[in-house]
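J.: Sequence:
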Amino acid sequence: MAIQVEIEKHPLLELAAICCHFPLLLGSDPSPSWLTDQLISDSPDHIRSEEGRSAIRRMLRHGGYRPAGRGKPASEYLMAAARRQSLSSINPAVDAINAASLHGGVPISVIDLALTTPAFRVGICGEGERYVFNSAGQEIDLEGLLCLHDAAGPCANGVKDAQRTKTGPQTEKVLGVLWGSVERVQDLQGTLVRLSDLMTRLGGHLEEVERCFKEGPGGEFSANGRASR
Numbered sequence: 002m003a004i005q006v007e008i009e010k011h012p013l014l015e016l017a018a019i020c021c022h023f024p025l026l027l028g029s030d031p032s033p034s035w036l037t038d039q040l041i042s043d044s045p046d047h048i049r050s051e052e053g054r055s056a057i058r059r060m061l062r063h064g065g066y067r068p069a070g071r072g073k074p075a076s077e078y079l080m081a082a083a084r085r086q087s088l089s090s091i092n093p094a095v096d097a098i099n100a101a102s103l104h105g106g107v108p109i110s111v112i113d114l115a116l117t118t119p120a121f122r123v124g125i126c127g128e129g130e131r132y133v134f135n136s137a138g139q140e141i142d143l144e145g146l147l148c149l150h151d152a153a154g155p156c157a158n159g160v161k162d163a164q165r166t167k168t169g170p171q172t173e174k175v176l177g178v179l180w181g182s183v184e185r186v187q188d189l190q191g192t193l194v195r196l197s198d199l200m201t202r203l204g205g206h207l208e209e210v211e212r213c214f215k216e217g218p219g220g221e222f223s224a225n226g227r228a229s230r
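Start counting the sequence shown at 2; every next residue gets the next number (this note's numbering).
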């Protein structure tokens, strides 16, 4: 059965998702050099337009969130780290996500599906919502920010993912969420293709993700498209 993600209406969000089942635990082998080489910003592919960065920020800002400083989009953080040559390898899944995001300019979340409880939905967080995003226990205020939620609450977004669902050495199956803008659909499509190719090259099996979009005042959801290749 395909994973289903319910997406609440948003005028600027163009979201894609990808599910990948890896043949081995992520801690079994380090990332190959052909993948880690893509974490270095040294080619014209990494030069993202100001229009693209601005479109992502407008999308994140729509609900009232302020995507600046330490709360800037994850794709901008990756660009800065790559330019400093301080973007380290983590594991094959995260490295593939980071490489695709770095080249495409689209923030991408990745979660360990074994650490989640369905159902999944995407929506803007309310006042007082927050979660821990690293092993040091630091928290991010989620008010006004688009997030992926599971049954336990928000777990990922285009800025920082929750610590409770992050991948680790025992991870086998992941869900990646690409936070694109309707103003830059071409960036989203290119990033999705690149990520799919990287995960396939790693030996991963791509599985279907069904996106269901909320429509009308009654809150109905209708299936509309598949996000996997």
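Source of the hints: derived by calculation from the structure; they are not laboratory data.
Quick reminder that beta carbons are idealized off the backbone N, C-alpha and C, glycines included.
One thing to keep in mind: the hints can contain errors.
With a Cα cut of at most 16 Å, we get these calculated EDC-like pairs of lysine to aspartate or glutamate [what the hints assert, rightly or not]:
| # | residue 1 | residue 2 |
| --- | --- | --- |
| 1 | K73 | D38 |
| 2 | K167 | D198 |
| 3 | K215 | E15 |
Label-pair distances were calculated between CB atoms; the ranges are [stated by the list, open to error]:
| # | residue 1 | residue 2 | range |
| --- | --- | --- | --- |
| 4 | K10 | W35 | 39 to 45 Å |
| 5 | P170 | E128 | 33 to 39 Å |
| 6 | G169 | L207 | 17 to 23 Å |
| 7 | E184 | G129 | 27 to 33 Å |
| 8 | E208 | P170 | 40 to 46 Å |
| 9 | E209 | S55 | 29 to 35 Å |
| 10 | G65 | Q139 | 32 to 38 Å |
J.: Could you run down the list of hints and mark each one as holding or not?
T.: Against the structure, the hints:
1. Note on K73 and D38: the hinted pairing is violated, with a Cα-Cα distance of about 25 Å set against a maximum of 16 Å.
2. Proximity of K167 to D198 is assessed by CA-CA distance (about 22 Å); at most 16 Å being required, the pair is judged violated.
3. Annotation: proposed proximity of K215 to E15 holds, straight-line Cα distance about 14 Å (limit 16 Å).
4. At roughly 40 Å, the beta-carbon separation of K10 and W35 lies within the given 39 to 45 Å, and the hint holds.
5. Checked against the given bound of 33 to 39 Å, the beta carbons of P170 and E128, roughly 36 Å apart, stay inside it.
6. Distance hint check for G169 and L207: the Cβ-Cβ separation is about 21 Å, which falls inside the suggested range of 17 to 23 Å.
7. For the hinted restraint 27 to 33 Å between E184 and G129, the CB-CB distance of approximately 30 Å keeps it satisfied.
8. For the pair E208 and P170, the beta carbons lie near 22 Å from each other, so the given range of 40 to 46 Å is not met.
9. Range check, E209 to S55: Cβ separation about 33 Å, and the 29 to 35 Å hint holds.
10. Against the hinted window of 32 to 38 Å, the Cβ-Cβ separation of G65 and Q139 comes to about 21 Å, which falls outside the hint.
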